[in-house]
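Please build the complex by placing chain A on the supplied structure of chain D, with the hints as guidance.
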Amino acid sequence: MVELLQQIINGAAIGGVYVLIALGLTTVFGILGIAHFAHGSVSMFGGYLTFFLVVQWGLPLLAAIACSLVVGFLLGMLIEILAYRPVRHASPINAFIVALGLTMMVEGLNLEFFGHEQVVIPTNLDRIFSLAGVTITELRLYVILSAAFLILAMTLFVEKTKTGQAIRAVAENRDAAILMGVNVSTIPLIVFAISTALGVCAGVMVGSLFAIAPGIGENLVVKGFAVLILGGLGSIPGAIVGGLVLGITEALAAGFLSSAYKDVIAFVVMILVLLFRPQGLMGKH
Amino acid sequence: MDLIIRKSWIILAIFALALIPYFITVKYYLHLSILALMWVITAQGQNLIQGYTGYVSIVQAGFMGIGAYTTALLGVHFDLPVWLTITLAPIITAVFAVATGYPSLRVKGHYFAIVTLAFNLVIFIVLMNWHDLTQGEAGITGIPKPGGKESIFNWRDRVTYYYFVLIISVVMTFLAAILIKSRIGKILIAIRQNEDLVGAIGISAWKYKLFAFVTSAFYAGLAGALYAHYQSFINPEIFGVAQSLDAILAVIVGGSGTIIGPFIGAFFVVFLPEYLRFADSFRLIIYGLVLVLATIFMPRGIVGVANSVRAYIARR
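Line by line, the protein sequences give chains D and A.
Start counting the first sequence at 1; every next residue gets the next number (this note's numbering).
Start counting the second sequence at 286; every next residue gets the next number (this note's numbering).
So that you can see chain D by itself, here it is in the shape it has in the complex (with noise of 0.2 Å):
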């Protein structure tokens, strides 16, 4: 039972990095209908900029997290200019191959900059807790608290701004959007920089909690569209269940089975899920 509840607060904080993703990856798919590829990468690349701050610069882990992230906000918004911008009226697979190609200059770019050798964050929280048997590293717990409030920040600022609205009222009927006065050229911009900074704070998380290296980001990636797939495309709630779902999953397997095949598992009860709920676990059919 202690083994139980330890290996779900493990998957929690996976779980809560999966989320991260996820969001960026259905705010971008509602909006533009693009499976955002490289968003592993570009998570990546935040990460090892935050090492690379800290370790090069000697800067405090904070202000290296805060440059990583205006550094993200931009990239989002270059990225949605010179990459899809061109794309947006031909055809969903022509998206698609972009997305791959700038995966693949941003995988460049990253051994470019940051060399292949796999690199950890330092942050020097390794207080351990410990209640009733089941430990909880500091580190853990402060990656589950920042999720928390992020996702939690996240979903106010969509359900509740103007801003928010708007993205809303563009993924649900562009036309309509458009008849009402939202500038639908802007809001793809503000949508990449959020999604692609979210992205960059699950960049540090995954840095500072295990490590970066080389594919690590299209892995990544590959999490976040099963999240999108557990939970059910363009789905908020859906993307922080299905993250929940998949990370403790995955922490499951890996401590009572198998931490080989791990992924295999997580997969296998994605494609369960879309056997029986094509739509996804909170998607409207």
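Treat the hints loosely; a few may be bogus.
Said to hold, decoys possible - Some chain A residues flagged as far from chain D (calculated, every beta-carbon gap over 10 Å): (1) S389; (2) I452; (3) I537; (4) R562.
What the hints assert, rightly or not - Computed beta-carbon distance windows for the label pairs: (5) D:A90 - A:N479: 14 to 20 Å; (6) D:T123 - A:V594: 55 to 61 Å; (7) D:L74 - A:L297: 26 to 32 Å.
Because the hints were derived from the structure by calculation, they are not lab data.
Each residue gets a CB set at the ideal place from its N, CA and C atoms; glycine is no exception.
Positioned in the frame of chain D, the structure of chain A alone reads:
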């Protein structure tokens, strides 16, 4: 008359391909040409599901892996003749595709792409971790060459293998062309254009989609088997998602939904990264950039550009 010109073009192109070994002086380019011809087979399969049916599948390299490991394991463990294992490999791959296609084809568009991608990851993880069967990362060595001991051809010679793969890839291209011209092909194109309409006139689209998916797997399995016997060594490395993306690129860059497109595209994805070797670590960046620019400025691929140029000349 127009038909005769087109037919003669095809014969000329095949003739040119047959002459390639006589003009290539660097052995390495012959090696790349053989790989490119194998990629032609994979790309033709990819084109059936992606170009004609409109469903982007990201599992082609995984299917190549199943084909390659099937032929290798059957050959090494059961000592079956090579021609038999090469024939069995695509069939077994197709059986796998039925099992994976059934759940994944319940969903459309991006969902389908991502589910197939997950399948590719699963195949890769299993190949890596099922040590007893696949030897994991170390891979399988000593896969026999075709022909056995008393063959009239020298199978260790790359030129022999070049012609062997050339014949198979041309035959598979013709089969794809015949399929597309048939009623089935027309239905596949109709599914791409308007799937709801296909359903509305009483055709159960999912059967045809499954057929296209399974056929694409058959092509990939065959290419994988040819690869295994050519290299005599396989490990999971070249059956990952990155290689599945190459299959998609071959179709897009060459010209999606055309018969000649994947043929050109396959040579492109094999040779371009080699030519970019001089750029060393910038290679990935340039390759990605070429891809983005090609999609933005020539969305219908090389064949599309060639057609526009021809139309422009004809108008003048």
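Hints versus structure:
With a least CB separation of 8 Å from chain D, S389 of chain A falls inside the 10 Å interface cut-off, contrary to its annotation. Once the 10 Å rule is applied to beta carbons, I452 of chain A is consistent with being away from chain D; the minimum gap is 31 Å. Consistency note on I537 of chain A: stated as away from chain D, yet its beta-carbon is not over 10 Å from all of that chain's, at 5 Å minimum. Annotated as non-interface, R562 of chain A keeps its C-beta farther than 10 Å from every C-beta of chain D; the closest such distance is 14 Å.
Restraint check, A90 of chain D to N479 of chain A: a C-beta distance of roughly 18 Å satisfies the suggested window 14 to 20 Å. Under the hint 55 to 61 Å, the C-beta atoms of T123 of chain D and V594 of chain A, about 58 Å apart, fit the expected range. Taken as a hint, the range 26 to 32 Å is violated for the pair L74 of chain D and L297 of chain A, whose Cβ atoms sit roughly 52 Å apart.
Of the numbered hints listed earlier, those contradicted by the structure are 1, 3, 7.
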